[in-house]
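> Protein sequences, first through last, are from chains U and E.
Each residue of the first sequence is one higher than the last, beginning at 35 in this note's numbering.
Each residue of the second sequence is one higher than the last, beginning at 18 in this note's numbering.
Mixed in with the good hints there might be a few duds.
[Said to hold, decoys possible] Reference listing, derived: stretches of chain E covered by chain U, where coverage requires no fewer than 3 residues with Cβ under 8 Å from a Cβ of chain U:
1) 37-45
2) 103-117
[Unchecked claim] Below, a list of computed lysine-lysine pairs in the PhoX-like style, where the Cα atoms sit at most 20 Å apart:
3) K179(E) with K22(E)
4) K102(U) with K80(U)
5) K90(E) with K119(E)
6) K58(U) with K143(E)
7) K21(E) with K143(E)
8) K102(U) with K29(E)
9) K90(E) with K29(E)
10) K80(U) with K125(E)
Derived by calculation from the structure, the hints in this document are not laboratory data.
Glycine included, every Cβ here is placed at the ideal spot set by N, Cα and C.
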Amino acid sequence: MAEFDQELDATGLNCPLPILRAKKTLAGMESGQVLRIVATDPGSVKDFDAFARQTGNELMESGEEEGKYTFMLRKA
Amino acid sequence: MEEKKLAIIATKGTLDWAYPPFILASTAAALGYETQVFFTFYGLQLLRKDLSGVKVSPLGNPAMPMKMPYGPKWFRDVNWNMPNALMSIVPGFESMATGMMKKTMRDKGVASVEELRDLCQEAEVKMIACQMTVDVFGFSPDDFIDGIEYGGAATFFEFAGKSDVNLFV
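My request is simple: use the sequences and hints to build the entire structure.
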């Protein structure tokens with residue numbers, strides 16, 4: 035698994051909370067640091083893609099395993 | 018990149034219609050939009066300190082599914098086909114429907130309206146109460162949460178005219 039600086043547990047949360055929590059967590063991080071997010075909301079897959087494109091934070095990778103979705107975001 | 022702008026007019030004061038303006042405003046703020054919500058007519062209910070009066074009514078709401086947030090899965094999946102015009106005259110039915118909706122939202126991991134509103138304020142979404150309807154409905158500023166502004170249609174257009182997205186909810 036790739037390295038990350040912080041992790042956000044967004045399991046059990048539904049739209050728009052995973053995005054809002056991610057935004058808040060990123061605000062406390064430094065440019066270039068990586069945030070790993072774990073979510074269970076299937077809608078979060080498209081949403082983190084859209085979030086990354088609109089905010090300039092890079093979605094380095096995303097994956098799914100046993101109903102859990104993981105995202106690696108590098109802060110712009 | 019120049020900051021995008023979103024303007025929303027919130028006109029509904031029921032629980033089901035309380036979610037869209039706050040969900041959209043908080044998400045837009047997270048995406049970097051400068052966001053304003055103009056609350057008018059029944060939408061003013063969403064700015065009250067006490068949101069306990071914000072309810073959902075099955076009356077005249079035929080598309081509203083009636084699913085129990087309790088019991089085993091097969092039971093939860095049943096869509097109770099109750100004639101809503103009839104059920105709505107049963108005392109307490111509105112409170113029951115409101116309680117069921119709140120529980121379903123909570124069970125599905127959706128934030129409460131209060132929480133979404135707090136998140137909007139935290140994200141510096143500007144909330145404006147329509148001064149005219151505040152007067153018409155006899156509200157006092159004490160009824161509303163702190164940190165909001167008051168203005169009229171011209172105030173709304175000053176921002177809406179520069180916005181990339183304008184929504185009427």
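> Determine for every hint whether it applies to the structure shown.
Hints versus structure:
no.	hint	in the structure
1	37-45	holds (count 3)
2	103-117	violated (count 0)
3	K179(E) with K22(E)	holds (7 Å)
4	K102(U) with K80(U)	holds (14 Å)
5	K90(E) with K119(E)	holds (18 Å)
6	K58(U) with K143(E)	holds (18 Å)
7	K21(E) with K143(E)	holds (14 Å)
8	K102(U) with K29(E)	violated (36 Å)
9	K90(E) with K29(E)	violated (32 Å)
10	K80(U) with K125(E)	holds (19 Å)
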